[in-house]
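Line by line, the protein sequences are chains A and B.
Residue numbers for the first sequence follow our numbering, so the first one is 1 and each next one is one higher.
Residue numbers for the second sequence follow our numbering, so the first one is 1 and each next one is one higher.
Calculated directly from the structure, the hints in this document are not laboratory data.
Incorrect hints may have been included.
[As the list claims (entries may be wrong)] Calculated cross-link-like contacts (lysine to aspartate or glutamate; reagent style EDC-like; alpha-carbon spacing at most 16 angstroms):
1) Lys-193/A / Glu-182/A
2) Lys-193/A / Asp-27/B
3) Lys-233/B / Asp-214/B
4) Lys-272/A / Glu-233/A
5) Lys-272/A / Glu-116/B
6) Lys-143/A / Glu-292/B
7) Lys-272/A / Glu-283/A
8) Lys-233/B / Glu-116/B
9) Lys-233/B / Glu-218/B
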Amino acid sequence: MNTAGRSDHPRLDPRAGRMRRRAANRLMLLLAGLMTILALVPLFWIVGYVIYRGSGSLNLAFFTQLPRPLGMEGGGVLSAIQGTLLLSLLACIMAIPPGMLAALYAARHPNTPLGVALRFGTDVLSGVPSIVIGLFCYSVVVKAQGHFSGLAGAAALAIIMMPTIIRTTEEMVRLVPQTLREASLALGAPEWKTSLSVILPAAVNGIVTGVLLGIARASGETAPLLFTALGNEQFEIGRIIRNGAASGAGFLEIAASIFSQPVDSLPLTLWKYAQQPYPERVEQSWAVALVLMILVLALNILARAWVSSRARFLRQTRGNK
Amino acid sequence: MHKMRPSIQTYASPLRTRLGKAWLHGDRLWQVVLIAMSLLVIGLVAALGVMLWRDSAAARTAYGAGFIQPTSEVTWNPVTDEYQAWPFIYGTLITSLVAIALALPVSLGVAVFLAELCPGWLRQPLSWLLELLAAIPSVIYGLWGIFVVLPGVIAPLGSLLVNTLGAVPGLNTFFNGPIPLSGASRLAAGMILSVMIIPTIASVTRDVLLAVPDSQREASLALGATRWESIWKVVLPYGLSGILGASIMGLGRALGETMAVTMVIGNSIDGSVSLLRPGYTMSSIIANQFAEAVSALHSSALIEIGLVLFVITLVLNSLARLLVWRVARRAPSEARS
């Protein structure tokens with residue numbers, strides 16, 4: 001080392017510089033770790049607080065009774081629970097078939113103009129604010145029908161689910177080995193049969209994950225339902241069916257009357273209750289938040305656990321060969 | 001046994017053979033179905049734009065470009081049918097900017113920790129937790145915001161800011177008090193939004209950092225740089241356009257977020273620009289008024305606000321995808337060479 005150039009000035013002392021750099025290194029790396037903890041604080045805060053406030057109002061009546069009139073104690077949110085299930089189911093029926101078929105196209109033809117446009121369209125669709133999708137379904141479905149309905153709400157949720165389903169299905173279909181496809185084609189199966197009975201079953205786990213994540217996202221959405229499904233505190237599927245059967249209506253008529261009514265959902269109820277000045281409603285809104293949070297987080301955890309267990313299984317079988 | 005087997009042609013009728021050939025045993029139909037479904041998805045996006053454009057026609061002809069121009073006067077009157085969108089556009093922009101400013105340093109820290117520092121066994125669980133944070137529905141954020149963050153964090157912080165930054169000339173337009181007792185304000189909306197967009201920015205940035213080739217890190221470390229120096233001066237600049245893309249994606253999410261913002265921003269239209277006053281955003285005015293729109297012009301004006309929101313998020317998301325794609329495309333080719 002050249003000692004002649006060393007000065008007494010601390011800024012020019014190489015040892016001091018090294019100390020400073022090392023200290024800065026420690027500090028900034030520590031800061032990165034602290035930021036990670038800071039980012040996760042809201043998660044535990046929200047989950048913990050919702051459990052703390054919500055578990056008090058949870059009881060059997062909460063799940064089995066319709067809301068009572070304002071100011072009365074008790075009652076439940078059966079209408080919202082049934083509505084959320086109905087909307088999610090209907091949205092799945094509307095979103096899964098077109099989403100899966102479009103994903104099959106995108107996976108087979110990634111570089112054709114249509115394939116590129118499809119991928120771009122999917123990205124755009126996933127970025128559109130959900131309230132704008134609500135406006136769209138209002139002008140397309142509600143205006144055409146002339147009234148708010150569960151059908152319109154389900155259509156909005158279907159559009160919201162679609163990008164998730166397309167993206168995960170496309171990724172999973174691409175992971176299916178090319179040899180499987182070629183083997184099926186070599187046996188004389190046409191392309192459609194290969195897709196439906198070889199490729200889709202091989203990719204089914206990923207697709208289920210995508211669908212679960214899509215449901216989780218859609219079932220927590222409020223904004224697109226505000227002026228499509230609207231909310232309906234008297235919504236009860238059992239009563240509609242009983243009334244329909246009593247008046248001698250056929251299966252299709254009953255189904256149509258279920259879909260054409262305004263429908264409540266858990267997030268909609270939560271939004272309405274949280275803004276009301278009645279303390280018992282606010283207490284119930286925490287319970288609704290708890291149920292909704294458990295539903296959404298459970299779907300998410302289930303989806304990810306499914307994928308990681310499948311991945312481990314695949315890795316093991318490959319290792320045994 | 002000894003009978004002659006009839007040849008295959010006798011079973012298949014000539015018509016079916018011809019049809020089978022023309023349709024490639026159903027494959028042509030299959031192709032048509034796949035293409036139709038792809039067109040359906042693309043058509044949905046196009047239809048979104050077309051519908052919003054068509055239904056906002058009344059407002060567009062009535063108010064012209066003045067509808068979205070910056071103005072200091074507040075005009076939003078459903079009774080006399082006079083509307084201007086600037087207060088809502090301003091509210092959306094300022095809350096999203098606050099959100100990005102708060103979320104970006106935290107997200108960068110998280111991404112650096114996940115991609116560069118943390119042990120392998122911890123990476124997956126932490127990423128999961130981040131994804132759970134992103135999965136919590138927006139209304140639950142709003143509920144937590146109303147009953148926990150507003151009284152517990154924003155109200156005291158707000159009065160502190162009024163007394164400190166509110167007295168600084170220049171800054172005081174943005175930190176004018178008094179903050180409402182409930183705490184509902186633009187600052188509250190921005191803070192809730194920042195929590196909601198951290199997972200988006202952090203996870204995209206983490207992927208960008210993981211795509212940076214190891215040779216870059218090794219070269220920097222070999223030259224004697226500390227770990228932090230090689231992250232700050234080599235890895236982050238290498239992924240800069242991807243990080244920019246991630247931030248724009250987060251911005252896009254913040255702009256369109258509705259429920260949580262509507263619940264904490266206080267929903268009032270006054271002429272103030274202060275962060276500590278209640279305000280309105282584009283999405284929250286739609287959420288609050290569209291279902292009860294009093295006149296055709298009122299709902300048309302709200303749909304035009306939706307159109308503005310759609311166009312902004314469309315442009316931002318396309319830009320973000322381009323930026324992230326560039327990093328992702330560049331990285332593997334250099335890593336291989």
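Verification of the supplied hints:
The hinted pair formed by Lys-193/A and Glu-182/A meets the criterion: a straight-line CA distance of about 12 angstroms does not exceed 16 angstroms. Proximity of Lys-193/A to Asp-27/B is assessed by CA-CA distance (about 9 angstroms); at most 16 angstroms being required, the pair is judged to hold. As the CA atoms of Lys-233/B and Asp-214/B are separated by approximately 14 angstroms, the hinted pair is consistent with the 16 angstroms bound. At roughly 11 angstroms between alpha-carbon atoms, Lys-272/A and Glu-233/A fall within 16 angstroms of each other, so this suggested pair holds.
Using a Cα cut-off of 16 angstroms, the hinted pair Lys-272/A and Glu-116/B is violated, with the two alpha carbons roughly 44 angstroms apart. Among the hinted pairs, Lys-143/A with Glu-292/B is consistent with the structure: their alpha-carbon atoms are about 14 angstroms apart, no more than 16 angstroms. The straight-line distance between the Cα atoms of Lys-272/A and Glu-283/A is roughly 12 angstroms, inside the 16 angstroms bound, and the hint therefore holds. Proximity of Lys-233/B to Glu-116/B is assessed by CA-CA distance (about 14 angstroms); at most 16 angstroms being required, the pair is judged to hold.
A threshold of 16 angstroms between alpha carbons decides the hint, and for Lys-233/B with Glu-218/B the separation of about 13 angstroms falls inside it, so the pair holds.
Comparing the model with each earlier hint shows a violation of hint 5 alone; every other hint is respected.
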